[in-house]
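Sequence lines, in order, name chains A and B.
Oh and the first sequence: position 83 is 83 in this note's numbering, straight run, nothing missing.
Heads up, this note's numbering is the position in the second sequence plus 116, with the first residue counted as 1.
FYI, nobody ran anything at the bench for these hints, they're computed from the structure.
The structure displayed is predicted, hence computed values, not measured ones.
Glycine is no exception: its CB is placed at the ideal position from the N, C-alpha and C atoms.
Among the clues, some could well be false.
Said to hold, decoys possible - As a list, the in silico SDA-like pairs of lysine to any residue whose alpha-carbon atoms are at most 20 Å apart: (1) Lys41(A) <-> Gly159(B); (2) Lys227(B) <-> Gln42(A); (3) Lys66(A) <-> Cys13(A); (4) Lys217(B) <-> Phe67(A); (5) Lys227(B) <-> Lys172(B); (6) Lys217(B) <-> Pro8(A); (7) Lys20(A) <-> Glu99(A); (8) Lys41(A) <-> Tyr155(B); (9) Lys20(A) <-> Ala2(A); (10) Lys41(A) <-> Glu179(B); (11) Lys41(A) <-> Val203(B); (12) Lys217(B) <-> Gln29(A); (13) Lys41(A) <-> Thr140(B); (14) Lys64(A) <-> Lys41(A); (15) Lys217(B) <-> Glu52(A); (16) Lys217(B) <-> Cys13(A); (17) Lys41(A) <-> Ser119(B); (18) Lys217(B) <-> Gln38(A); (19) Lys172(B) <-> Asn138(B); (20) Lys41(A) <-> Thr224(B); (21) Lys176(B) <-> Ala2(A); (22) Lys217(B) <-> Ile101(A); (23) Lys14(A) <-> Thr114(A); (24) Lys55(A) <-> Lys217(B).
Unchecked claim - Here are a few chain A residues that sit away from chain B, every Cβ distance over 12 Å (derived from the structure): (25) Ser18; (26) Met45; (27) Glu63; (28) Lys64; (29) Thr75; (30) His85; (31) Pro86; (32) Thr116.
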Amino acid sequence: GAVVSQHPSWVICKSGTSVKIECRSLDFQATTMFWYRQFPKQSLMLMATSNEGSKATYEQGVEKDKFLINHASLTLSTLTVTSAHPEDSSFYICSARDEDITYEQYFGPGTRLTVT
Amino acid sequence: GDSVTQMEGPVTLSEEAFLTINCTYTATGYPSLFWYVQYPGEGLQLLLKATKADDKGSNKGFEATYRKETTSFHLEKGSVQVSDSAVYFCALSDRGGGGNKLTFGTGTQLKVEL
């Protein structure tokens, strides 16, 4: 079946530094990937839609200069949290859309970011 | 805007018990409805879906019926197993299939004990 990986699975960084999270579709190509954020005991909130070869579309209230998204190829999207602060600590989840067969989203296992 | 409300967990059941996880939604138009399951250490997986009123989605013994009159999509299983222990998310898409923007509920953790 369709598999999506994320790297790293967890990361700790110091306040003010930047951290990059990778999302890869392993056995299918994805023109479109999605980035979600999940707070404890809360639902997944869509942050942005990542489109291969074009700029990402951000949801209302998401700072595009803080959460940089680059969809460099049909199998890779990256989310860079710039100048991270403790309030950015969260669980970040990506998904990739299979546009050839099922048109469903397939989710990665998530990345736990802790900013100290 | 669109929203999904599902019952809080954790829900703890004995093996072979009957499961119901309630989910209600608010949306304009005619959304598609989904249940996703997340096993420990893994990504969310689509469990079942329904795209129009009165449709019943089913998979692995789980069922949910799209009830437009009560704006609900409750998840049920007649006899749960320990292997069903996971977090279950109800979700909707206002633009057709699950490949579009999804609005999620908060998730319900299910623990099944022997």
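Structure-based check of all given hints:
Taking the CA atoms of Lys41(A) and Gly159(B), the gap is near 16 Å; set against the 20 Å cutoff, the hint holds. For the given pair, Lys227(B) sits about 18 Å from Gln42(A) by alpha-carbon distance, which is consistent with the 20 Å threshold. For the given pair, Lys66(A) sits about 15 Å from Cys13(A) by alpha-carbon distance, which is consistent with the 20 Å threshold. The hinted pair formed by Lys217(B) and Phe67(A) meets the criterion: a straight-line CA distance of about 19 Å does not exceed 20 Å.
Restraint check: the Cα-Cα separation between Lys227(B) and Lys172(B) comes to about 25 Å, which exceeds 20 Å; the hinted pair is violated. Proximity of Lys217(B) to Pro8(A) is assessed by CA-CA distance (about 25 Å); at most 20 Å being required, the pair is judged violated. Taken as a hint, the Lys20(A) and Glu99(A) pair is broken in the structure, with Cα atoms around 26 Å apart against an allowance of 20 Å. A hinted pair counts as satisfied when its Cα atoms are at most 20 Å apart, and Lys41(A) with Tyr155(B) qualifies at roughly 16 Å.
Only pairs whose Cα atoms come within 20 Å are accepted, and Lys20(A) paired with Ala2(A) is rejected, the gap being roughly 23 Å. Proposed proximity of Lys41(A) and Glu179(B) is contradicted: the alpha carbons are some 24 Å apart, above 20 Å. Restraint check for Lys41(A) and Val203(B): the C-alpha separation of about 11 Å stays at or below 20 Å, so the hint holds. A hinted pair counts as satisfied when its Cα atoms are at most 20 Å apart, and Lys217(B) with Gln29(A) qualifies at roughly 19 Å.
The straight-line distance between the Cα atoms of Lys41(A) and Thr140(B) is roughly 18 Å, inside the 20 Å bound, and the hint therefore holds. Between Lys64(A) and Lys41(A) the CA atoms are separated by roughly 25 Å; this puts the pair beyond 20 Å, and the hint is violated. Simply put, Lys217(B) and Glu52(A) have alpha-carbon atoms about 17 Å apart, close enough for the 20 Å limit, and the pair holds. In summary, the hint linking Lys217(B) to Cys13(A) is not supported, as the alpha carbons are separated by about 30 Å, beyond the 20 Å threshold.
Straight-line distance between C-alpha atoms of Lys41(A) and Ser119(B) comes to about 16 Å, which keeps the hinted pair within the 20 Å bound. For the suggested pair Lys217(B) and Gln38(A), the alpha carbons sit about 15 Å apart, so the restraint of at most 20 Å is met. Straight-line distance between C-alpha atoms of Lys172(B) and Asn138(B) comes to about 15 Å, which keeps the hinted pair within the 20 Å bound. About 9 Å separates the Cα atoms of Lys41(A) and Thr224(B), which keeps this hinted pair within 20 Å; it holds.
For the suggested pair Lys176(B) and Ala2(A), the alpha carbons sit about 19 Å apart, so the restraint of at most 20 Å is met. As the CA atoms of Lys217(B) and Ile101(A) are separated by approximately 18 Å, the hinted pair is consistent with the 20 Å bound. Proximity of Lys14(A) to Thr114(A) is assessed by CA-CA distance (about 9 Å); at most 20 Å being required, the pair is judged to hold. Simply put, Lys55(A) and Lys217(B) have alpha-carbon atoms about 17 Å apart, close enough for the 20 Å limit, and the pair holds.
No Cβ of chain B comes within 12 Å of the Cβ of Ser18(A); the nearest lies about 25 Å off, and the non-interface call holds. Under the 12 Å C-beta cut-off, the non-interface status given to Met45(A) relative to chain B is violated; the minimum distance is some 8 Å. Residue-level check passed: Glu63(A) sits 19 Å from the nearest beta carbon of chain B, beyond 12 Å. Every beta carbon of chain B lies more than 12 Å from that of Lys64(A), the smallest distance being close to 17 Å; the non-interface claim holds.
For Thr75(A), the condition that its CB be more than 12 Å from all CB atoms of chain B holds, with the nearest at approximately 16 Å. Residue-level check passed: His85(A) sits 25 Å from the nearest beta carbon of chain B, beyond 12 Å. Consistency note on Pro86(A): stated as away from chain B, and its beta-carbon is indeed over 12 Å from all of that chain's, at 23 Å minimum. No beta-carbon of chain B is positioned within 12 Å of the beta-carbon of Thr116(A); the least distance is around 24 Å.
Consistency with the previously given hints fails for numbers 5, 6, 7, 9, 10, 14, 16 and 26, ordered from lowest to highest.
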